[in-house]
Each structure stands twice: as C-alpha cells, then as structure tokens.
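So the sequence lines, in the order shown, correspond to chains A and B.
For the first sequence, UniProt numbering gives the first residue as 1, with consecutive numbering after it.
For the second sequence, UniProt numbering gives the first residue as 1, with consecutive numbering after it.
What the hints contain is simulated information worked out from the structure, not anything from laboratory work.
Please read these numbers as outputs of a predicted model, since none were measured by experiment.
Every residue, glycine too, gets a C-beta built ideally from N, C-alpha and C.
Among the hints, erroneous ones may be present.
As the list claims (entries may be wrong) - The list that follows gives simulated cross-link-like pairs (lysine-lysine, DSS-like), each with its CA atoms no further than 25 Å apart:
1. Lys107(B) <-> Lys88(B)
2. Lys656(B) <-> Lys667(B)
3. Lys54(A) <-> Lys74(A)
4. Lys109(A) <-> Lys74(A)
5. Lys462(B) <-> Lys424(B)
6. Lys642(B) <-> Lys228(A)
7. Lys88(B) <-> Lys667(B)
8. Lys166(B) <-> Lys156(A)
9. Lys656(B) <-> Lys74(A)
10. Lys170(B) <-> Lys138(B)
11. Lys166(B) <-> Lys134(B)
12. Lys667(B) <-> Lys156(A)
13. Lys109(A) <-> Lys156(A)
14. Lys134(B) <-> Lys94(B)
15. Lys464(B) <-> Lys656(B)
16. Lys656(B) <-> Lys589(B)
17. Lys263(B) <-> Lys355(B)
18. Lys656(B) <-> Lys109(A)
19. Lys97(A) <-> Lys462(B)
20. Lys15(A) <-> Lys54(A)
21. Lys544(B) <-> Lys223(A)
What the hints assert, rightly or not - Chain B is faced by these chain A residues, among others (derived, beta-carbon under 7 Å):
22. Ile173
23. Ile179
24. Asp240
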Amino acid sequence: MSGSELPRKEANVLKGHEGAVLAARFNNDGNYCLSCGKDRTIRLWNPHRGIHIKTYKSHGREVRDVHVTSDNSKLCSCGGDRQVFYWDVSTGRVIRKFRGHDSEVNAVKFNEYSSVVISAGYDRSVRAWDCRSHSTEPIQIIDTFSDSVMSVCLTKTEILAGSVDGTVRTFDIRIGREISDDLGQPVNCISLSNDGNCVLASCLDSTLRLLDRSTGELLQEYKGHTCKSYKMDSCLTNTDAHVTSGSEDGFIFFWDLVDASVVSTFRAHASVVTSFGRHKKLKQRVSSVVYLKWELPGTN
Amino acid sequence: MMDADEEDFVFIGTPIEREEELTSRKKKAVAEAAGQLRSLPSWKQEVRDEEGRRRFHGAFTGGFSAGYYNTVGTKEGWTPQTFTSSRKNRAEMKQQTIFNFLDEDEKEEMQGHSLGASLQFDTFGFTAAELARKQAEKEQQRRPSAIPGPVPDEMVLPAANSVGIKLLLKMGWRHGHSIRDSRRNSLYDARREGRKALLALCADDAKPSVAESVTDHESVAEQLDDDICASGNTPVYVLNPKQDMHGLGYDPFKHAPEFRERKRLRVSGNKESVNRRHTPMKDDLSASKSGKMAPGFGIGALEELDVEDEDIYASGSGYDFEETYVQEVEEPTRMIPDNKQKQGKNEQTVLAGFKVASNFDHEMERFDPPSIPNDFEPHHKFPAPLENEYKLADLPPPEVPPVEDNNMRILIEGFATLVARCGKLFEDLSKEKNKTNPLFCFLTGGNGHDYYARKLWEEQQKRKDERKQQLNLKSKPNVQKMTAEVRGKILGERPLERNSKDSGSSVSTVDVHLQFNLSDTFTKPASLNDIPESAKPFRDDPAKQERFERFLKEKYHGGLRTIDSGGASGMSESDRARERLDFEAATEKMEKAGWNKETNLSSKQQVFDISAMTGPQFTYSGMEQAKVPPVEEMMAKKMYPKREEFQWRPSSILCKRFDMIDPFMGKAPPPPRVKSRMETLIFTTDSVKTTRAEQSVTANKDALPVSQSEPQEKNKETNTREIDGEMQNANVERPVDLYKAIFSDDSEDEGEGSSRNQVEDTGKESEVANTTLNRLIAGDFLESLGKELGLEVPPEPIYSTSKATTSASLKERSSAGDVKTLPVGGTPSVPVSQNGALKVQEAVSGKSSHLDITKERRSDGNELGHGNPQSGDGKAIGTGNPENNSGKGKREKMVADNDRIRTGSTRHRSWSSSSSDDGRHKRHSRRRQNQRSSVSSEDEKNRRHSKRRWGDTEDERFSTHSKRQHSRNSASVSDSSEDLRNDDRSRSKEERGSSWARGSSGRNRKRSKHRTDRTDSPSRSYHGTKKERAESKGEKRKSRDRGRHSGSIKSDSNRKYR
C-alpha cells in the first residue's frame, strides 16, 4: 500500500462528549465505534453517518478505555473509579462491576472468547476477570510490574502488557512463562502487528519501537512525533505496511514500517491526539484505515 | 382405713402385677411380635416367650438368642476378606499367630507359658543361663546397683554345669582337654597305615629306614602337636598380667609371633646365653616346617606329603631370611635396667639363623649439582635498561666534598645529570670518546671521580622519584579506558601523523647521529614540543635559543639527529658541553613547571590537556568529548531492549477460559497471598508519591504526566497547575487514607477527645477553624466518592457500603454514651439528606431549645430541595431564597463565611469538570486558607461566637485534631493525606447508622434519590447537588465546630427515624 492511500481527510466529526475523549475504538465489523472520555460516559456512534446512538453512564470517574467483544454484544470499560464495568451493549445496563484494582485502571481488553476481561491499572497490576461466573473477584493478578501498567494486548495464548517501568511483558499462558522486554523507556501503548510477530511499543521519549516478539530484538524505531506525557495510541495499519501514532501537537503520523520514514502527517486536532481506532476490515472505505478524530475540550 | 393400712405396711420386693395389666401386656407383646415377625428379617427377630419377655435360650454360657440362630453376627457368616494390593498401597505380609484369634482371657491364660527345655534335658546349659540371667535381673530390680541398666550377659554365667558337661565329665573328660582326641588319632593312624602300605608296594626296600625314620619323626611331631593342641578345643584362660605400656589389646607381635617368645624370654630376665635362649624357637620353626601343609590343599588318602604340599610361606625352605634385627621401641622404664644388656646385645644382636648382611641393597642415590657455566653471573638482568641502571646504583657512594674547580664541578654535575638521564651507555660512550680529554678524566677515575660518582647517584635517585611520580600520575587514566592513542601517549610513543611543521624540521634531517636520547623519548611524554613564548630561557641570545629549541626537538622527538647539532657553529667541545648542560637544566625546569601545573588537574583532564598541548596530532580528545553522548546512546541501545524470562503461573481458571491446558496442572498451587487488605491498599509509599510528583513537574510544562494520562483542559490561570500537582498527590493517596479511615480504629481519637472535653482552650479556635475547613474540603472528596460508588445506581449497594463504615464506627457510637435527648421538632417527613446537617445545627442549638430554628430549618430544607441553579457558592443561596430570609440568619452567615473562604482562592472553576476537579479547587482553596488561617478563620470564629452561643460547646476533640493539623501543615508532604484521613474519620463519625447522617456523608447518593423522588429535571438536580454540596459543607462545618454534640445529636436523630 502506498502512502497515498493513507487517510488524510477528516471523514466525520462526532460531537457530543463534554470533556476530553480518552479512547476511541471501532467495533469488530467496523460499522460502529465507541468512545469514552472524561465526562464519565461511553458513547456509541455510527461514524459513517455521524450519528450518536447511545450513551453508557455509570462510571464515577473518567473512562479511560473501552473494548468490545468479538460478537459486539458486550462492552467492557474501565477508568478512574478503579472499576472495570461489563456492559450489555443493547440494553446499556451494567452486567457486572469488577472491583479490585487499587487505583485507576488504564486499559481493558476482552480475550478472544470474550470470557475474560484483562485490565491493566495504575496499581502496577494486570488483572483477569471472569465474565462467565458470577464472581467479581479477579481470577488472576499479575503484579510483577514495578510501575503503572499502561496498555494491554491479548493474543490467543498470551497477555502482553506495557508498563511505565519500561517493560513490555508477555505472559504466555500456554507454557507458563513471563517474558519481559525492557526498553529502558516508559511504555505508553503497545499494539500487535497483524501477523502477531511484532509488537509496537510507544515510549515516552517520543519514539515508537518495533520489537520482534520471538527474540526481543529491536527492529525499528520511529521518531518525529511528540509523545512525552500523554497516553496516546499507536498501531500498525491493517497491511502492516505503515506505523501510525498520534502526537501531542495534534498531528497524526504515518511511518513506513521498514525504513521508518515519515510517510504522511496531517493535523487532526488542535490538541493532543489521544486515541484512534483501527478499522478492522476493508470495507466500503477507500482507505482501509479510518481514524476517528476527537476534539479536545479546549477547542471544542 | 385403707390409707391407714397402707401406711402400716412395709413393702419389700416388687409387687405382683395385676391380672389385667398382665393380660394387656401379653396381648400387646403378641401383637408386636406378630408384627415384628412379619416385618423383620430373621436375624433381627427376637424370640419372646408368651409373656412378651425375651426368651432366655438356656445355652451353656448362655444369653438370649440372637443373630443367625446363635451362630454368627452377619448374614455371610465370617466376613470374608479380599486381598488387595496396589502399587501405592502394598499389602503387607501378615503373619498370623494364634494370638490373633484368641480372646483376652485366653491370652491371659497363655501368657505365663513359653516353651523351653527343662533342666533335666538342658544339654548346653542355655536354660540355666537364661534362668540365672532372669534371676539377676530380678535382683537388680529389687536393689538398684551402682551401675544402671541391664546386667551384661557375659557377667552372668550359668550357675550350674550343663548336663552335657556333666556327661562328659563322667566319661572322663576334663576341662582344658580336647574332645576329639581319640577320633583324630584313629583317623591319622589309618592314613599312616595306608601310606606305609603304599610305600611298601611301589618302592623298593632300599630305604625303608628312611621312610621309617620319616614316619617316626612324623609321629613324634604328631604327638607333640597333639600335646600342644590338646587345649585347642576349650580355651583355657591364663591370667597374663599386663606388663607393657601398649594400649589395651595392642599386640606388637601380631604379625610376627616369632618374636614374641624372644621378647618374653628377654623380659623374664633369664640369664641364659642367647644361643640357648633361641633354640626352642628354632625347634618350633623346624617343627612347624615339617608338620604343616598348605591350607586348602588336601592330600589324597594314599598320597605322601611332598614338596608341593608344603606351605611355602610357613616353611623357611622357599626363602632364606637373613635376619635384620628389629630394634623395638622399648619402654623407658625398661631401658634403664636393660642398659647393660644392650651393651652385650650390640655385638650379638643377630638372631640365630640370621647373619648380618655384608652389603645393603637399598642405597640412596645422589646426584651431582648442576654445573654452573663459567660465564654465569648470579644476577638477573631485566629487559628495561633504566631499571637496571637504577639497580646498579643502589648503593650510595660516600658523600664527597665538591671539587674545588668551579668549572670542573659544573661539568661533573652536568655530566652526571646527563648520564643519569641518558643511561650508562652515554657514560661509556663519552668515556671512550674523551679518553684523551683531561677534562673528562673524572670518568676514568681521575680527579673528581668520587664526586662524580656521588653526583651520578644523586641524579639517578632524583630521576627515579620523578619517574615514579609520572607513573603514578599516568596509572589512573590507564585504568579507565585504554585506547590506542591513550596507550601511545602513556608510553610516550609518537603518534603516526604529525604536524607538517614539525615533521618538516625533523624528518628532513638525514644524517644519523647516535641516538642516546631514545630512552628519554620513551619515558617522557611528547608534551613539550611547542614551547610557549614565556618559556624561552635563552631569549636574549637568539642563536642559543635556536640551538636550544633544536635540542629540545631532538631530545623529545628522538630519532634522527643532525650532525651539526653537535657544534657546527664552531664551538669548542667544552663550550658545547656547557651549553648542553644549560639546555638540560632549562628543560628540566620547564618540565617541572609543566608537571606541577598538570598535577593540579585531575588525571583524566590531564590526559586531555596533554593531547591538547600536542595539538592536532591527538584529534582524539576533542572528538571524544563530542562523541560521549552518542556512545552513551549506543550503550543504551545495546542495553535495550533487554529480555528476561521468568516462570509465571497462570491460574487454572484463566487457562480454562483461554481454552488451554494448564501448564502447571497437577502441581501444587502457589501459596495463597497473605496480604492483608490494608496492605494491598497501602501500595504506594511516600517516596513513590514524591517521586511521582517530581516527575509530574519535570515531565512537561503544560501537561500531566502519563501516569495520569488525561489530557488536561487548559486552564488560563497558572495556579491551577500547581493545584493539579497537588491533586495528583491527593489522588494517589486517596485510597490509603479512605480505607484507613474506615478500617482503622479511630475510637482512640474519640476517647482522647472526650478525655479532653474538660479542657477549655480558646487559643485553639483558629486551628479549629482550619480543621473545619479541611473537613469541608474532604466533604468534596466524599462526595466524589459517593459518585464513584454509584451515584446513579440504585442505592442498595451504597447502603451496604455505608453500613460497613457504620459498623466500623459502631464502637464510637456506643462510646458516645452521654446522649442528650433533645426535644426536636424534626419529623420523619423532613427530607433527610438535605437536613441532616441542619439537624445537627438544630440539635446543638437545641441546648438552648429553639423550636423556631427547627421550623426555619425545615423550610430551609424545602428551599434547598428546589435548588438554585447558580448556587455554586453559598452566597447564591442567600440571594436565591428570598422567602426565607427571616429565619435563616445563621445559615446565611455560615454560607457566607464559606463563600468567602472559597472565593478567597482565585480559581477558575470549570463547570464541566468532574467532581475531582471540584475537589482539587477546594483543596487548593483550603491550602490557601490554611496559610491565612490565623487571620480569617479566627475572624469567622469570633463572628460565629458573637452570633451563636457556642462558647461553651467548643469541641475539644476537634481542637486536638487541629493541633495535629498544625503539625501536619508544617510537614507538608503528608499534609493532604492526613487531612483526608481526618475528613474520613469525621465522615465515619457522622455516618453512624443514622440515615440522615449517611445522607450527609454520601450526600450525593441521598440527594439523587431525593431528587428522583421529587422528579426534578436532571440539570436542575445537578445544579442542585452543587448547591447542596456547598450548603452541606457549610453545615458540616458547623456541625464539626460543635462536634462534641454531634454524636449525641446523631443518635438522637437515629431514634427519631426509627
């Protein structure tokens, strides 16, 4: 895919949040998207038509992350109120609240079967919550981190988590091993490549680092954007051809995966680009990737 | 009458039952039996007689009939056992004895008996011994002896002779005699006869006598043998007193029994001649030689004993031993009397049958020492020439007065310096060169030689010291990093690339002169190439200066030298020498100055300095500094990413949920975490917090650290940023303090407070005001907490949580036993959450029993319920509720105070920000308030005092709080957390069970409920909460100010609402 096919244009602006938007995610078929923010709500949108569909309110503090099950029927969200919420999408009701994190919860993800919610928190722990049973106790607590855990990723057999202590840790459930890759810089966000062989870690020294997962080798570094203090998302495009990340100055950057050159940048926001979701499937769009843009309250 | 009769009778025994009773029982029994018989299985049926009693079946040892017709207890009879044996649980081999099948009484009977031979048939005396032993044991038990423990078997011998012995004795056997005698003899006789017959058959009769003699001899030997061995069967113990000083049981002759006899004889002090003495020994040997055969080899019945059969080891035939007398180590006591004997022995120590060897087999071989070559000098030469030189000059020559001739003296001194510097070689060379020169006669031992030697030595010493110094200086950078350049520098090597100017002068010279400066170039760094202007010692004489410079160049560059340097200018030899000495001195001076300068600097710098002085030839130094960051980066890159692997145990249920097999299946689960709940809550230590705060400061100018990870709205005012920082701290600390407040026992505080109730201290009023403020701010936090716990969700969970807190504070409630019941007019219909705090107020003022206040309050509550949209501040309430102005003096006042405090802090209040923002602001305002607390809060207090009659109702408890507060303020780090704790504590106090109190703490929840009751519009209710918050804050403060009564009041209201 060439750089020309990368998104440059603002497709839609979804207005409605009363505060900063902290995370935006597509659902699995890419027809809808979710956003959550400091106004303590989660909102469901149709991004293509720009319609606000539903608002999920229950969080007592800002909502920091949201994730959808593979069948789009359930949500999980987390935030500053130290709880992980498990929602029913259609009714908008909270099915379960998982309490146990000792501090803010930074990130949350479902596993492949949507049976477990993995959450990562400021309390230096990653916790796994069982959605099937009625227990609200965590079924697993991983507390080997030495600082706030910022981001979590899941494969079929592994849990990956990036922490401010500079490590990306892989917990292989199948063989019961923990692999810790120390990057030396606080890790802000991690994301997996589509083939699952690499992990992209966004570090707070304004650098994205691409690691080979099997060897822990540093494959490439991507620089040019600003990432020093905010949690910002970064990911690879669907073809794994480009790397993309937001920037604190409101730009979105695209790098070529191999030679780490900046392919494209455009100013999306007046303020920090905190998050964007990746459109999972090539659909009716010209580009395979659609980025949601969220205005921050300062400019809203 | 009947009564009287009955009284008279004495009833003995059981009275006979009456007829009807009997019959009825019979009938019943029959019926029962019939029923039972039908229903019960046969082995459970009881046999009864016609009267219903259990039938006694009348067997021998008898009893009632039972079971399977009095046979067994089970249907199957004896319960069969199955033999089971598995890998894990092996079946044991059970040995059955009769005791397994016997009853207790039978065992008892069996106990006394055991099989044993009676004395009559006790052939070997075992039984007798056994009996004796038992007897001894019994005796010992009766009177315990000095030696505890059982009697050793050996000490108890059978008292009686066994029957066998008796029999033997009767048959003529004696103690100490063998039993086998007769038998053996007969056998031997038979053999001998057989042999004789054989001999007679096969051999001619030529040597019958010989054979006869042999056999005779044999028979004699046999006889002798028998005599000796007669006692072999039964050992006869002969007491042998221990006379030597060997250890017990040590036998020095164990492997050489031949010497034992000899020893014995010697010891016995028999004064026979030695020859005589050892004759029996010899006899013994010969006797054994003839009689013994090799063990393990038998001879056939018809065989004759011949050479092969002999025991070669036992007999002396195979080997001829030459006696070497073994001198025993004798006991000292023996030595003295034996002295004389020894004298005699020395001549005749040889045993009989031995003789002294003429030559020794074993001889020490001696080797000649290695021959030393003639030209060998016993001195090691080290490869370094200079070291060698110093070594040689180790011995200082004697001090000698300087030579009279001044010129001569200078020459000698200079030359000495030169030699010391350039090495011995120079001396030799110049010696050779100046053989004829009378000036240099001191070299060859002429005039002033001694002085020269002394001077040389001094110079060498000096140089040695210098060198040491240099080495010391250089050793440090050495350690740090060794690059080719640095090493070269240290070694004084010339870098390959040279300055063109330098090279021009030095390389162009073609003629090769003797290079005796080489050693110098290796010891001195090439640091003095470029002579600074100031360091030109011969400025007045340019020609000389030029020469000097050339000299320097040559000296330090080493290598090639122009021939004209020696004196092309037509100088005399002596002049040249003198000039040269001058040059030397000058350079030395310069060097010293340079070194002094350099030694002041740190070693690393020095290296750089030197390289800087040498100019572009060491491009390294400049480069290095520039390269340092990249190098570090490189290092960092090399270091990271760093991969480590650990074992990690996923929980089994996690594996299940991920549809995987637990890799640790079957292994023991990890030990459960023993963390207490408090421990998990206190997860961030203070140090972490502070570092975090620091990070936040340094991380970015206008943004929060990532840990917070929220894009902050851009506040126009600068102070809000500080607030943010503070807020973060508070955020971090929150969970700790909250839970501490809930779980930790704060009844002590209460007790403390009550104990101090009597203490009146008006001076603490300002502090009180401070604490109230803190509480106020805490109210915000609680509020946000309330939201967190679920503002919009149905109130059940909230209820439970608050229950928890209340249960924690139950103790407190009970402690606040001095409840003052107040005739309060408040009714249950009053909106609870709204008026909670008001009630407090009312209750306090209830002391002065104002009913109108309650009314006012009630109306107030209603008012508040409607809420004022803009009532973020208390002031708005005053203006927004015009109807109630009359009765609300106090309230308004309170609110106004509150308002003032809040507005005192210039802050930007963003409407859309969450409650935490609110809290942040308030906190900040509180902080400010604290700073000027002494002024404003004092004011407030006074005002309040004037308005309300609180004077005597000041709460000491809060005064104590405030005291603490003050100290805390001084230690600003833990400040906010402590505040929070205070707040929480107060909250828990307020929450004590009473519904309204709960409402006041979790105001939001209650309010929300309330709101929904009244079906307010959401926006309005939202604002309402804002307002209420402010109000309740004010009220709370009041209540706290009058905190002593709060407990009682609350319980009061409790009662009211129950």
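Each hint, compared with the structure:
Straight-line distance between C-alpha atoms of Lys107(B) and Lys88(B) comes to about 35 Å, which puts the hinted pair past the 25 Å bound. Distance check on the hinted pair: Lys656(B) and Lys667(B) sit about 16 Å apart at the alpha-carbon level, within 25 Å; holds. Distance check on the hinted pair: Lys54(A) and Lys74(A) sit about 14 Å apart at the alpha-carbon level, within 25 Å; holds. Pair hint Lys109(A) plus Lys74(A) holds up; C-alpha atoms about 12 Å apart against a cutoff of 25 Å.
Our distance criterion of 25 Å between C-alpha atoms is met by Lys462(B) and Lys424(B), whose separation comes to about 16 Å. Restraint check: the Cα-Cα separation between Lys642(B) and Lys228(A) comes to about 22 Å, which is no more than 25 Å; the hinted pair holds. Between the alpha carbons of Lys88(B) and Lys667(B) the distance comes to roughly 19 Å, so the proposed pair stays at or under 25 Å and holds. The straight-line distance between the Cα atoms of Lys166(B) and Lys156(A) is roughly 97 Å, outside the 25 Å bound, and the hint therefore fails.
Annotation: proposed proximity of Lys656(B) to Lys74(A) holds, straight-line Cα distance about 20 Å (limit 25 Å). In summary, the hint linking Lys170(B) to Lys138(B) is not supported, as the alpha carbons are separated by about 34 Å, beyond the 25 Å threshold. For the hint pairing Lys166(B) with Lys134(B), the CA-to-CA distance comes to about 23 Å; that is within 25 Å, so the pair holds. A distance of roughly 24 Å separates the Cα atoms of Lys667(B) and Lys156(A); the hinted pair therefore holds under the 25 Å criterion.
Under the criterion of a C-alpha separation no larger than 25 Å, the hint pairing Lys109(A) with Lys156(A) is consistent with the structure, at around 12 Å. A hinted pair counts as satisfied when its Cα atoms are at most 25 Å apart, and Lys134(B) with Lys94(B) does not qualify at roughly 32 Å. For the proposed pair Lys464(B) and Lys656(B), the alpha carbon gap of about 80 Å is over 25 Å, so the pair is violated. With a CA separation close to 86 Å, the supplied pair Lys656(B) and Lys589(B) exceeds the 25 Å bound.
Pair hint Lys263(B) plus Lys355(B) holds up; C-alpha atoms about 19 Å apart against a cutoff of 25 Å. Restraint check for Lys656(B) and Lys109(A): satisfied, since their Cα atoms lie roughly 17 Å apart, inside the 25 Å limit. The hinted pair formed by Lys97(A) and Lys462(B) fails the criterion: a straight-line CA distance of about 86 Å is larger than 25 Å. The suggested pairing of Lys15(A) with Lys54(A) holds, with an alpha-carbon distance near 13 Å, which does not exceed 25 Å.
Between the alpha carbons of Lys544(B) and Lys223(A) the distance comes to roughly 65 Å, so the proposed pair goes past 25 Å and is violated. With its C-beta approaching chain B no nearer than about 4 Å, Ile173(A) sits inside the 7 Å limit, and its interface hint holds. Taking 7 Å as the C-beta contact cut-off toward chain B, the hint placing Ile179(A) at the interface holds, the least distance being around 5 Å. Using the Cβ-Cβ criterion of 7 Å, the hint placing Asp240(A) at the interface with chain B is not satisfied: the shortest such distance is roughly 20 Å.
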